[in-house]
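Engineer: Sequence:
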Amino acid sequence: MGRIRRADETISREVDSGIAELIPDPDVPRAWMLRLNGTPQSHVDLDDPTHLEFEYLRRLGHVADLVAPGSEPIRALHLGGGALTLPRYVAATRPRSSQQVVEIDAALIDLVRGVLPWDRNWRLRIRNGDARAVLEKAPEGAFDLVVTDVFAGARTPAHLTSVEFVGLASRVLRGGGVYAANIGDGGKLAFAKAQAATVRAVFPHVCVLAEPAVFRGRRFGNFVLVGSHVELPVAALTRLTAGDPFPGRVEHDDSLIRFIGGVPAMTDATATQSPSPPKGTWGLPDQ
Numbered sequence: 001m002g003r004i005r006r007a008d009e010t011i012s013r014e015v016d017s018g019i020a021e022l023i024p025d026p027d028v029p030r031a032w033m034l035r036l037n038g039t040p041q042s043h044v045d046l047d048d049p050t051h052l053e054f055e056y057l058r059r060l061g062h063v064a065d066l067v068a069p070g071s072e073p074i075r076a077l078h079l080g081g082g083a084l085t086l087p088r089y090v091a092a093t094r095p096r097s098s099q100q101v102v103e104i105d106a107a108l109i110d111l112v113r114g115v116l117p118w119d120r121n122w123r124l125r126i127r128n129g130d131a132r133a134v135l136e137k138a139p140e141g142a143f144d145l146v147v148t149d150v151f152a153g154a155r156t157p158a159h160l161t162s163v164e165f166v167g168l169a170s171r172v173l174r175g176g177g178v179y180a181a182n183i184g185d186g187g188k189l190a191f192a193k194a195q196a197a198t199v200r201a202v203f204p205h206v207c208v209l210a211e212p213a214v215f216r217g218r219r220f221g222n223f224v225l226v227g228s229h230v231e232l233p234v235a236a237l238t239r240l241t242a243g244d245p246f247p248g249r250v251e252h253d254d255s256l257i258r259f260i261g262g263v264p265a266m267t268d269a270t271a272t273q274s275p276s277p278p279k280g281t282w283g284l285p286d287q
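Going by the UniProt record's numbering, the letters in the sequence shown line up with residues 1 to 287, in that order.
Among these hints, one or two may not hold up.
[Claimed, not checked] Here are the simulated distance ranges between beta carbons:
no., residue 1, residue 2, range
1, Pro212, Glu14, 32 to 42 Å
2, Lys279, Asp27, 19 to 29 Å
3, Ala235, Ala190, 24 to 34 Å
4, Pro73, Glu231, 19 to 29 Å
5, Thr93, Arg127, 17 to 27 Å
6, Pro278, Asp16, 38 to 48 Å
7, Arg218, Asn121, 36 to 46 Å
These are calculated hints, taken from the structure and not from any lab test.
The model shown is predicted, which means the values in this text are computed figures rather than measured ones.
Think of the CB as a built atom: it goes at the ideal place given N, C-alpha and C, for glycine as much as any other residue.
Please construct the entire structure, taking both the sequences and the accompanying hints into account.
Structural biologist: So, in structure tokens, the structure goes:
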């Protein structure tokens, strides 16, 4: 059970990567938002781990829902931990799933464990370390799902954006496994297009999920990239994404090629971190 707190109590702690804040949700008892250096990272409802407040997490939840039939348990690797929103969701919707979470910030892990504990019966292991370093040592063909959701501040680190990195993720997936990544971009979408090209350089079946306005570059937002060596359930993803509170779109096949527009994939030699979101995006304060 989570700790008892006043309705207006924010918990602020210095962690390895800066200042972490756990902010109570005024509308949902025992629900919290994690903000790291001013950037919202996670939302957790301790009473309902299936509740996904952030739209990009809903889309990752759709991917997790379709990795295997029904509530069949899966093996999942989460690169980037935050407050463990998606691992909690998978544990609740797919009992007996085996999950490993990699989080570079050890002090953040301790904070989340102390304030937002999870069910001890869940097969959930938290490992402190760099996402790529851990991925390099992970066993081949060990996972059904690999999710990359790593941000240094509000930006995805460059060493997690290359063909070589996605190739490492492919190596640890079983034959029918699925890779998913959350990134942010806006404007001309050069980074998002390059990331889509990067995933396509490794996986033959790829789709990208985002809100229509984000796809058009009208505002900065989240893109969820999905890749696999087997055909993806695009029709089901399209239906689920269109039914979200903020409906999304799924680009794949020819429409995805048009979106990429010839932008080349990123390699370790050319990789860059994702662009900084404008002030006012994702709850960042306006200047």
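Engineer: Kindly indicate which numbered hints from before are broken by the structure, ordering the numbers from low to high.
Structural biologist: 6
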